[in-house]
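Between the sequences and the hints, there should be enough to build the whole structure, so can you do that?
Sequence lines, in order, name chains A and B. Residue numbering for the first sequence follows this note's numbering, starting at 1 and increasing by one per position. Residue numbering for the second sequence follows this note's numbering, starting at 308 and increasing by one per position.
Derived from the structure by calculation, the hints contain no laboratory data. Computed from a prediction, not measured in an experiment: that's the story for all the values here. Among the clues, some could well be false.
[To be verified] Computed cross-link-like contacts, BS3-like style, restricted to lysine-lysine with a CA-CA straight-line distance of at most 30 Å: (1) B/K680 - A/K197; (2) A/K95 - A/K206; (3) B/K731 - B/K699; (4) B/K649 - A/K162; (5) B/K522 - B/K585; (6) A/K71 - A/K27; (7) A/K162 - B/K469; (8) A/K162 - B/K681; (9) B/K699 - B/K734; (10) A/K27 - A/K70; (11) B/K356 - B/K322; (12) A/K197 - B/K585; (13) B/K649 - B/K613; (14) A/K243 - B/K681; (15) A/K212 - A/K176; (16) B/K585 - A/K206; (17) B/K680 - B/K724; (18) B/K613 - A/K197; (19) B/K649 - B/K622; (20) A/K197 - B/K681; (21) B/K680 - B/K649; (22) B/K585 - A/K162; (23) B/K681 - A/K206; (24) B/K649 - A/K206; (25) B/K649 - A/K197; (26) A/K212 - A/K270; (27) A/K243 - B/K680; (28) B/K622 - B/K731; (29) B/K513 - B/K405; (30) B/K613 - B/K629; (31) A/K13 - B/K356; (32) A/K206 - B/K680; (33) B/K513 - A/K13; (34) B/K585 - A/K243; (35) A/K162 - B/K680; (36) A/K270 - A/K243.
[Stated by the list, open to error] Among the chain A residues that face chain B by a calculated CB cut under 7 Å, a handful are: (37) G110; (38) V111; (39) G112; (40) A141.
A virtual CB, placed ideally from N, CA and C, is assigned to each residue, including glycine.
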Amino acid sequence: MNLFQRIGEGLRKTRSQLGDGLSNLLKKPRSPAFYEEIEELLIATDVGPAQASLLVRELKTWEEQQNDPKKDPLVFIEERIASFFPLDPPLWEEKPHISPVTVLFVGVNGVGKTTTVGKMAHYFKARGKSVVLGAADTFRAAAVQQLILWGERLDVPVIRQKEGADPGAVAFDTVKAALARKIDVALIDTAGRLQTKHNLMAELHKIHGLVKRELPDIPFETLIVLDSTLGQNAMSQLEHFQKALPLTGMILTKLDGTSRGGIAVSLARKYRLPVRFVGVGEGNDDLLPFDPVLYARALVRPGTKLD
Amino acid sequence: MFESLTERFDRIFRKITGRGLVGEAQVDETLREMRVALLEADVNIDVVKTFVANIRGRLIGAEIGVGLTGGQTVLKEVFQEVVHILGDQRASLQLSPKPPTLIMMMGLQGSGKTTTAAKLAFHFRQANRRVLLVASDFVRLAAIEQLEVLGNQVGVPVLTPKEGVQRPQDMYQDVRRRWIEGMHEIVIIDTSGRLAIDQEMMEELKNLRDLYKPKEALLVLDAMTGQEAVNVASEFDRQIGVDGVIFTKLDGDARGGAILSIRSVLGKPIKFVGTGEKIDRLEPFYPDRIASRIIGMGDVQTLLEKAQSVVTQDKARQMVSKAASNQITFDDFLDQIRSMRKMGSMDDLISMVPGASTVKAQLDFDRVEGEIKKTEAVILSMTNQERRHPEKLDGSRRRRIAVGAGTTVQHVNQVLKQFDQIRKMMKTALKPNGMRALKSLLPF
Chain A
1 MNLFQRIGEG
11 LRKTRSQLGD
21 GLSNLLKKPR
31 SPAFYEEIEE
41 LLIATDVGPA
51 QASLLVRELK
61 TWEEQQNDPK
71 KDPLVFIEER
81 IASFFPLDPP
91 LWEEKPHISP
101 VTVLFVGVNG
111 VGKTTTVGKM
121 AHYFKARGKS
131 VVLGAADTFR
141 AAAVQQLILW
151 GERLDVPVIR
161 QKEGADPGAV
171 AFDTVKAALA
181 RKIDVALIDT
191 AGRLQTKHNL
201 MAELHKIHGL
211 VKRELPDIPF
221 ETLIVLDSTL
231 GQNAMSQLEH
241 FQKALPLTGM
251 ILTKLDGTSR
261 GGIAVSLARK
271 YRLPVRFVGV
281 GEGNDDLLPF
291 DPVLYARALV
301 RPGTKLD
Chain B
308 MFESLTERFD
318 RIFRKITGRG
328 LVGEAQVDET
338 LREMRVALLE
348 ADVNIDVVKT
358 FVANIRGRLI
368 GAEIGVGLTG
378 GQTVLKEVFQ
388 EVVHILGDQR
398 ASLQLSPKPP
408 TLIMMMGLQG
418 SGKTTTAAKL
428 AFHFRQANRR
438 VLLVASDFVR
448 LAAIEQLEVL
458 GNQVGVPVLT
468 PKEGVQRPQD
478 MYQDVRRRWI
488 EGMHEIVIID
498 TSGRLAIDQE
508 MMEELKNLRD
518 LYKPKEALLV
528 LDAMTGQEAV
538 NVASEFDRQI
548 GVDGVIFTKL
558 DGDARGGAIL
568 SIRSVLGKPI
578 KFVGTGEKID
588 RLEPFYPDRI
598 ASRIIGMGDV
608 QTLLEKAQSV
618 VTQDKARQMV
628 SKAASNQITF
638 DDFLDQIRSM
648 RKMGSMDDLI
658 SMVPGASTVK
668 AQLDFDRVEG
678 EIKKTEAVIL
688 SMTNQERRHP
698 EKLDGSRRRR
708 IAVGAGTTVQ
718 HVNQVLKQFD
728 QIRKMMKTAL
738 KPNGMRALKS
748 LLPF
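This is the structure:
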């Protein structure tokens, strides 16, 4: 399977609702009711009310100005959806020559942070990069152990202290170790925390600040890991985390488990935050680098053959 | 818990309480606003429709009860309807007549199964039951270790798979032997997280259910999920069979939609709710108490139970007699602060007080909690002698305490003054007519 097919497979639940619904609807004659139906369909997949109404307005104008009846409105919708995603490339692509590229993973409990760290380590290793993991989730029972097992599985070093240790110190040690050993990528796991816990959010601010202050010149990504099945609550999570520390991107996990995979669109556009990866399954290779065009196409025109 | 919904309800009620009579137009207006509030909280549309229709049916043409104003009648009906959609009665866990009672935990990845299994074990352990935890999540790395660590924390044995065992169903004989040998009354089986669309994994779960025949197959759901949680629950119920639901992460800003919908849509009760990361933060689900919190009337019952769980009757009586004779010391004060902390966070406790939503908006909990911590530091910097005889605290002692607590002498003075006031207040409160005298001191 190529990347497009795999994204399509991951979006199966969403696409069976949106993709099929859209192509059926677009055959209908245009009327105010038609546009409303399109809008409702988009909202039902969590594309977000603002994006849905914008898309519908744009579609209407486009169709009115369009003289070539052969041009597919689906292609138009697809292009518009793709354009909602900001296009700044991740630092590991933008500055591959500066190392270590450091990535701090944050998010609420149970979204899949540790698993994502493991899978990203696998991703970088497969591309010939050296990786070090930092076990800064010193709170949850056996979280450190979980990361150690990932380290063993991938043959990657894991920087750790004992449970209950200061997560900032672990994060700092990890970057230091990466510098000393000339490692390309440092991936740092943190404890899950609900966005409503002020003191835990402050702790995150501290961890980030500590690394940034001591090592101001390293390329530093902070990625929020969001569970796609959480729907609209993801908004509140993003908002609160963004207040606590500067986020540079997001990772959406469990996309295969929801029919509301449009959430990526509303999050990316509303918060101007690029999506870095999406998780579409449990396998190591099921964490896919995000491509707005392929994503939009898989959502809207899943049957397309790639040229 | 459900702050945004509670605030909305509070605003709606404020418009009508205090009025003598509430006419049909006002009832309809109120219900319309409530409908929007519920939909925004992501409550299932059919549930909202029934909810509104039921209340309307009872209110229109209904007589106003003795001593109640129109507004209060509306409030009462809304409360009852919320209790109703939450399931009316507390549904406790069913215990097998012949032990052990088997409980199987199931749910999506990351919903909180393992943590909840340990919290549940702790719950039964507190009731002096012999509990066994079974770790059978073979999929996620270190899930078995996680349960082992948690079991250790709560003092409950954890059965882990033997060398070479690869599948959860192959543990059955081992589990059985263990519960017979250990005479366990409750056996809690943790399973891997899975999506309802993963046919292979669902098949495995079904087999496990057939094998263990648990008394309670409990579905663990993340309260922040919203309506999707209801879909997930329906799928699990259809494919596996669900006896009850546990909602986790209620301390996140869940809007409440899933919790308010699940009973009506699924027809299965909510048995517990998880309200915090600590091991004792699993509360039995009482529809009336939660309803009371949702409509902004607080939850005095739970507050009292929490207070009773940290302060014994004897201790309370001792305090009263000490207060009456003005013998309260800083040690007692420290005790009070610590008991309160054991009950939960400030934020948590205040939300159980009736009408809390107004107070909450005005309070900065981090600041208040910081203040309390500072006060504690001041007391801890006193010698035992000083704690018993605060009147002996002269300038040089106060300076020493300030340095010890990392604060200023002014702050130490402030703490001493507060302490003095509390002493006086308690003494006054205990006199005949004391409460009235006390009330006159308060601003509201």
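Tested hints:
1. B/K680 - A/K197: 17 Å, holds
2. A/K95 - A/K206: 25 Å, holds
3. B/K731 - B/K699: Status holds; Cα separation ~18 Å.
4. B/K649 - A/K162: Cα-Cα ~26 Å, so holds.
5. B/K522 - B/K585: Roughly 27 Å separates the two Cα atoms, so the pair holds.
6. A/K71 - A/K27: Cα-Cα ~13 Å, so holds.
7. A/K162 - B/K469: Holds - the C-alpha atoms of B/K469 and A/K162 are around 27 Å apart, at most 30 Å.
8. A/K162 - B/K681: 29 Å, holds
9. B/K699 - B/K734: 21 Å, holds
10. A/K27 - A/K70: 13 Å, holds
11. B/K356 - B/K322: Holds: B/K356 and B/K322 sit about 22 Å apart, inside 30 Å.
12. A/K197 - B/K585: 13 Å, holds
13. B/K649 - B/K613: 9 Å, holds
14. A/K243 - B/K681: 27 Å, holds
15. A/K212 - A/K176: 12 Å, holds
16. B/K585 - A/K206: Holds. B/K585 to A/K206 sits at ~23 Å (cutoff 30 Å).
17. B/K680 - B/K724: Holds: B/K680 and B/K724 sit about 17 Å apart, inside 30 Å.
18. B/K613 - A/K197: Answer holds: B/K613 to A/K197 is near 21 Å, not above 30 Å.
19. B/K649 - B/K622: Holds, at roughly 15 Å.
20. A/K197 - B/K681: Holds. A/K197 to B/K681 sits at ~20 Å (cutoff 30 Å).
21. B/K680 - B/K649: Judged against 30 Å, a Cα distance of about 14 Å means the pair holds.
22. B/K585 - A/K162: This hinted pair holds, its Cα atoms lying about 19 Å apart.
23. B/K681 - A/K206: Within the cut-off at roughly 21 Å; holds.
24. B/K649 - A/K206: Within the cut-off at roughly 27 Å; holds.
25. B/K649 - A/K197: Holds, at about 18 Å.
26. A/K212 - A/K270: 26 Å, holds
27. A/K243 - B/K680: 25 Å, holds
28. B/K622 - B/K731: It holds: about 20 Å lies between the C-alpha atoms, which stays within 30 Å.
29. B/K513 - B/K405: Within the cut-off at roughly 23 Å; holds.
30. B/K613 - B/K629: 23 Å, holds
31. A/K13 - B/K356: 28 Å, holds
32. A/K206 - B/K680: 20 Å, holds
33. B/K513 - A/K13: 22 Å, holds
34. B/K585 - A/K243: 25 Å, holds
35. A/K162 - B/K680: 27 Å, holds
36. A/K270 - A/K243: Measuring from Cα to Cα gives roughly 15 Å; hence the hint holds.
37. G110: Holds, because the Cβ-Cβ distance from A/G110 to chain B comes to roughly 3 Å (cut-off 7 Å).
38. V111: 6 Å, holds
39. G112: 6 Å, holds
40. A141: This interface hint holds because 4 Å falls under the 7 Å limit.
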